[in-house]
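Chains as they are written, first to last, in our numbering: chain A, 2 to 216; chain B, 54 to 317.
Here chain A is said to cover these stretches of chain B; the calculated rule only asks that three of the stretch's residues, wherever they fall, bring their Cβ under 8 Å from a Cβ of chain A:
#1 157-171
#2 174-180
#3 221-231
Below 20 Å or equal to it, Euclidean Cα-Cα: the simulated SDA-like pairs (lysine to any residue) are:
#4 Lys177(B) with Thr116(A)
#5 Lys202(B) with Ala184(B)
#6 Lys177(B) with Gly127(A)
#7 Lys177(B) with Pro136(A)
#8 Lys229(B) with Glu117(A)
#9 Lys155(A) with Phe69(A)
#10 Lys177(B) with Arg125(A)
#11 Lys177(B) with Leu130(A)
#12 Lys177(B) with Gln115(A)
In short, the hints are calculated from the structure, not lab data.
From the three backbone atoms N, C-alpha and C, an ideal C-beta is built for every residue, glycine too.
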Amino acid sequence: MIFALQSLPYLWQGLLITLEVSALVVVFSLIAGTILGVAIVYGPRWLYWPIRIYSDVLRGIPLLVLIFFMYYGLPLFKINLTNLASVVLALSAFKTAHIIEVVRGAIQSIPVGQTEAGKTIGLRFGQRLLYVIAPQAVRRFLPPWINAVVDTVKGSALISLVGIVDLMLAIQQVIGRTYIPMPLYVLGALMYFVINYSLSLASRRLEARFAYIRE
Amino acid sequence: MAENSKTSPVVRIRDLRKSFGTNLVLDGIDLDVQKGEVVVVIGPSGSGKTTLLRCINLLETYDEGSIQVDGLEVGFRDGTGGGRQRRSDRELARIRADIGMVFQLFNLFPHLTARENVVLGLRKVRRLPLAEARRIAEHWLVRVGLGDKLDSLPSQLSGGQQQRVGIARAVAMDPKVLLLDEITSALDPELVGEVLTVVQELARDGMTMIVVTHEMAFARDVGSRIVFMDGGRIQIHGTPREVLSQTRHDRLKAFLARIELKLH
Numbered sequence: 002m003i004f005a006l007q008s009l010p011y012l013w014q015g016l017l018i019t020l021e022v023s024a025l026v027v028v029f030s031l032i033a034g035t036i037l038g039v040a041i042v043y044g045p046r047w048l049y050w051p052i053r054i055y056s057d058v059l060r061g062i063p064l065l066v067l068i069f070f071m072y073y074g075l076p077l078f079k080i081n082l083t084n085l086a087s088v089v090l091a092l093s094a095f096k097t098a099h100i101i102e103v104v105r106g107a108i109q110s111i112p113v114g115q116t117e118a119g120k121t122i123g124l125r126f127g128q129r130l131l132y133v134i135a136p137q138a139v140r141r142f143l144p145p146w147i148n149a150v151v152d153t154v155k156g157s158a159l160i161s162l163v164g165i166v167d168l169m170l171a172i173q174q175v176i177g178r179t180y181i182p183m184p185l186y187v188l189g190a191l192m193y194f195v196i197n198y199s200l201s202l203a204s205r206r207l208e209a210r211f212a213y214i215r216e
Numbered sequence: 054m055a056e057n058s059k060t061s062p063v064v065r066i067r068d069l070r071k072s073f074g075t076n077l078v079l080d081g082i083d084l085d086v087q088k089g090e091v092v093v094v095i096g097p098s099g100s101g102k103t104t105l106l107r108c109i110n111l112l113e114t115y116d117e118g119s120i121q122v123d124g125l126e127v128g129f130r131d132g133t134g135g136g137r138q139r140r141s142d143r144e145l146a147r148i149r150a151d152i153g154m155v156f157q158l159f160n161l162f163p164h165l166t167a168r169e170n171v172v173l174g175l176r177k178v179r180r181l182p183l184a185e186a187r188r189i190a191e192h193w194l195v196r197v198g199l200g201d202k203l204d205s206l207p208s209q210l211s212g213g214q215q216q217r218v219g220i221a222r223a224v225a226m227d228p229k230v231l232l233l234d235e236i237t238s239a240l241d242p243e244l245v246g247e248v249l250t251v252v253q254e255l256a257r258d259g260m261t262m263i264v265v266t267h268e269m270a271f272a273r274d275v276g277s278r279i280v281f282m283d284g285g286r287i288q289i290h291g292t293p294r295e296v297l298s299q300t301r302h303d304r305l306k307a308f309l310a311r312i313e314l315k316l317h
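Just chain A, same shape as in the assembly (with noise of 0.2 Å):
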């Protein structure tokens, strides 16, 4: 036990890691989401198709699939990432499919009429997004995107399949110093849940806080 004890910092490290790798990654697919998934709706024909079928195909493949063709495929592309920097990139890549559609059922819940009242009083649709649409889409929009973030905490642990220290892999390897497996794993299992059970609640509060929104 005593050793378990004296791991904690290295979890710690590990920890961070994971913090970091799932930090990164919610704002990429956030920022790529959100852009992607409004080009989905509103833009032209010729961008529709591209982003469908990124959407679809990257929905379709495994996680650890994407992990291991950025961490081993790009070299033979002559495209050579850092270890985390690979990983960042295979899990941004899976969460922005499925940010986009989050974004893109957000907002086209929204009543065809909101936006001809937009148009009716002289907004421009830049005018339109972000003083009709948007502040109606993000109380539909909160709700899936942070099961996407609670979704990405929990993906992160398949980086240490590449040998990244992330929190999975410090515990594994104080495991493999120390031979005490169960109460490690609680340990570790805990540290997941604190986190992502922190994420729920700061959700449910954010939910309240657009609730006043009825249609």
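Given the coordinates of chain A, work out where chain B should sit on it, guided by the hints.
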């Protein structure tokens, strides 16, 4: 010059044609609306009257013909003729800012209070300072009888109250013409009066309006002219007295019978 501007119509529609696929919904509409006129458009559903209204601020595009609001072609960059180029979103926004519209289903912004609904266009389109935008919004909300509901959300208002906010939102922009699309059709019968009273006051103050409605008493009492549409064409066109006296016109007779002619 002064004489000319007096006679040039606010809305000038010439040979307007539009199809949805193979379905011809507007089959050559000609209509002039002069400043201060209230033109009431009646007709059975599917007659094209709502589409006509929605073409005027280009919520629907039109294929052939011309719609000019205050001398400006709405749908295209230059006048008539082949190879017309459709207007950009930015150009359309500028044109639409001068054309008010009130919808059957209100279409208020549910995340904004009554006042904020009216303020939005004044701030972001007219670019007025906040204090002035709020002053104008409050003025119009008081005018439509909602001085005590400034900070209410649409979900806290009755249908009639929501529709009056819709009217305030449109007229606060000081439009050259106001389009009313069956604005009482979704209301409980006892709420229709409060909305029509507001419209009647606007008419009295000289607001130019095109009104699609089934309220025949309103058409008769407030309309400067009535346009009866059927099959994508204007069938009869004249003063309320002229139009409503044409009881021998088969289609008009059938239409009036169907809506149980409410002329008290």
